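Participant: So you can see what is in the structure, the chains are spelled out below.
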Amino acid sequence: MKVSKLPKANVNKFLESLQDFGEVIIPKEKQEQPGVYMFDTMTDPSEVAWEYLRTIIPPKKYLTKPKEVIFKFDSQRGFEEVIEDAEQKRVLFGLHPCDIHGIKILDVVFTHQYTDPYYTRRRNNTVIIGLSCIPDEKCFCKSMHTDYTEDGFDLALSDIGDGYLVAIGTSLGDDLVAERADLFTEVEETDRRKYLDFRKKRNQSFKLDLDIDDLPYILDLEQHSPIWDELGKRCLTCGSCSMVCPTCYCFNVYDELNLDARSGRRIKQWDACLFKDYALVAGGHNFREDRAERVKNRYYHKQFRMVEQYGKPSCVGCGRCINACPAGIDVVEVLTKVREGSYAETE
Amino acid sequence: MLRLNNHEQKSYTLSENPYKPELARIISVDPMVEDNYLFRFRFEDAQLNQRFQYRPGQFMELSVIGVGESPISISSTPSRPGVIEMCIRRAGRVTNALYRLKPNDLIGLRGPFGNGFPMKKMNGNSLLIVAGGLGMVPLRSALLYALDNRQDYQRIILMYGTRYPDYLLFRSELEALALRSDVECRLIVEKSALSKDTPEWHGRTGLVTDLFDDLQDLDVQKSYALVVGPPIFYRFVLSKCLDLGFSKDRILMSLERRMECGIGKCGHCEIGNKKVCTDGPVFTYWDVMNLPEMI
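As given, the protein sequences belong to chains U and A, one line each in that order. Using this note's numbering, read the first sequence as starting at 2 and increasing by one per residue. Using this note's numbering, read the second sequence as starting at -1 and increasing by one per residue.
Bear in mind the hints are in silico, worked out from the structure with no lab data behind them. Fair warning: this is a prediction, and the values are worked out from it, not measured in the lab. Misleading hints may appear alongside valid ones.
[Stated by the list, open to error] Not everything, but these chain A residues come out facing chain U in the computed CB check (under 7 Å):
| hint | residue |
| --- | --- |
| 1 | 256 |
| 2 | 265 |
| 3 | 276 |
All C-beta atoms, glycine included, are put in the ideal place defined by N, C-alpha and C.
In isolation and in its complexed conformation, chain A is listed as follows (with noise of 0.2 Å):
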């Protein structure tokens, strides 16, 4: 069975101690969709905030100090450090406290935790980066680090679909995307208004699942696809993605779950055989398709 998680060197950790978070102070907050904010952050000691690495799809453990703790995609690339950029959502307990913080307020982070993309193993490889909704969360780190390192992808096609176009996250900077040619960006609504108040959509409407029709010409034996999405997303996705002819083995995708430790200790993100927080939280179709309880 392919381990995604044996191929890259294990990641690099803040402390010896893997459950202790470091403080961390809040840049910025700005609003982005619905509940969602992007929250940046840097390290307090700036020898730990230029020496800290991660990579696409890895997560942190987050610290609302007093309230608890609680598992974010990082949005931000590694190819750009000095900042970590987290988009989250106001779901439960500490994100809503999290929510209640300003700019300049500290916070504990720790991390990163998790296999991530394999970023390095898709090299000389084309890229298929299909997001719906949410989804987009994790896949931004991937998309700007391809980008980052262009030379090292064959093609990189992004394919993202959304309800509304208000509900496309970090909007403009994908919009900006359009104008390279060395990316192939294509976004999708299913209706082109939120409600007769917001500006005209002129991009297309439909399912994200309508954009697999223009990739007949991608060499599926030289692509990955990594796919993020809610659960009705990952029904249909996967079965175009099985059509166009992918491998299961380079469809990859992350699982959300309960990771509360982070470091495969505290059993509450297992799933079937595997430990979603150090086997994941990235899966090839493969292995999510013998979890019994996947989504």
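Pulled out of the complex, with its shape left as it was, chain U reads as follows (with noise of 0.2 Å):
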């Protein structure tokens, strides 16, 4: 990894210059309700928060869209492949390494055993550029072994106050900052040290912890634990939790049939867990028609069956499902109190 230095002053110059790669996609602050930030497409570099936390949807908007379409069909002629957004060339900006490890999650599933041509074709038409944060109360990466990452990125601003140490991780990246080499400055001691002091004031800035040693051990000791049912009690079922969740990439497809009963589109659209039709099957049976078992196979689902899948848990620590709520339900509060068998009894 190579790492260069840029200059605040020319931070703008520098995002205007990734339109020439494609459409440019950064953190805002939304106009009607401030404090709230969402990504969006940047029309002037002046919009990007750079001091934003978390966006309401993280970035995986982009790579599994939220609805598309994956087919035209016709009864006579079959099905016809449709990807939305192929040619489409983007930059993901200003995405911090929670979100960067939420997108590495979606790579491993959409690509594991069988490729998912409309993650994939997207994914590969897509820059990521990371930036550094200072957590908050909710923010707890750093239990996860998510607050930071060595990969996953073209390039990663870490700022050091008068500018933004860029640490290039691709190829593509190293291009992005050959394109503009005329913003870009040495890295020099002092920015080194200003970095290691940033490093240390990050670490110190967390304030939420969460024991994820055996967890997936002590998930399965607790498959009974009153824990759930009475989660399935305060859960509303809605489904926030898996909307916001940066590496939730559950979906339905069903099809969309024309006037002329004969053509029409496949769709494929998010889904949740939480949903109750979820695992409904032919015949109206439901594997999971108590909400209890419902709530329980999402927190399983993440910190059990995904260390067994794919070797790692599926919580990156962004907060977002704890932000989304309606009910109040606290992730870390909920798998603590697992842990400490303690959950109905402080209820």
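Fit chain to chain and form the complex, with the hints in mind.
Facilitator: Structure, rendered in structure tokens:
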């Protein structure tokens, strides 16, 4: 990995230069809701919300779209592949390490054994530029070991006061820098020290901690814990936590028929395991009729099944689900209490 | 933990896009039992139809174009290529729409998906195939495959039980097997007649578990049990297999779930620590007993 420096005075020019590559997606503050952020298309570099911490919806929305057409069909001619945005080049700018880890997990899910052409086509056309952050009281990426990443980005910016250290992760990232080499400067000894000071300050800012040692094993032991029933009573199964999760990938596929009753579109749309009909099969049998079972499944998927399937949990500690839950359910609190076996008593 | 899906090579997929169904034509539709119909399909593309390969126990995603997709087990055997047979129950939206189609109509098929039964790994062993009710649907593929590769297996024993004689799937085909000396085919029904109008049943009556009494001479260390049936069936048959001395990783079962994508992406069939579509649908009893949401 190569490291360069981008003085803050040059950063807007660099952002503008990225538009030569493709659509630039940046974190923006919602005008109607101050303090609320979203990833959106950049029209001007001044729109970048540099101090944002978390957006409502993670950047996955550009890779696995909330709703997309995957085929056009005709009853006689069959299915014709449609890949939306297949040629659209994009720069996802300003992703924090947790969101980069989220994309790394999606990369594995969508390419393991079978390759999902919809995800990978867009993924291959996407440049990822990371941005450092200072955590708040809902961040627990450090506990999930996702507070830092050595790969999964083309460029990664770390704020050192008067500028950004720019880690160059890929050959494409190197080319993006080379295009505007005039904007970059050499990294000096003082910059190196400023970075180490920044790391120290950041590491000391974490307030939330989750013990994940042996967590899959603990969960296996707690399959019948009363905690799950308690949670089932609180959870509204609205699916907000899944929609805002950077690693939730579930989807539904359904057909939309045209008025000619012979042609139409096959649609792929985000789904959530919290929804009542999620495990419903033909004939009406529902394998997870019980709300508690569905809530429990979400926790086991993240921290148990993903470890078995892909070797690591699929929670990146971004805190979005804590923010989004209308019932005030807090994943860190739940898993801590599962470990302590004390959820029901303290409720 | 034993992983069946790692023992045999990854299955061949039709298209570079694993979501893309290929057009297939309905050759015939024959009523079987109650709401079950035997559909025969072949791919429109003749070359594809010839080179299409699968393993017993795998499933396909069947599209009724404009209605949707549904996962369906394959009942035919890859040892008899050219035609894909599926025994399909009218149960949901897609299968009800399929039932309204006629021979020569077009549908979409993609697959095959899932691990299937480890037919190669079981070479040199005896096969105890135990089916209850509709459990015969995926097991018929394994049975026919084993019969077509008879030299690769020791004893082949089928024990199949249903409530009434009329409920036996593939009944005439299975009764014909009784004439063969190289396969032990044992059919049993709970009640000998559905009504007075049905012909007399001369076979055994009772439960499929009764048939285990005749298996004392089976060398369970050189056998696999392939067990598929309804939930109540598993409860009793699995304990019979264990009583006989089968080790838990020599008992194979096939699970049903909502396998929407078939390729481990959509999430719907995930249970415990498994994805039914890619880790299964065939699991060992050892795998399944660790799944809290098993049946």
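Participant: Honestly, which of those hints from before does the structure not fit?
Facilitator: No numbers; nothing is violated.
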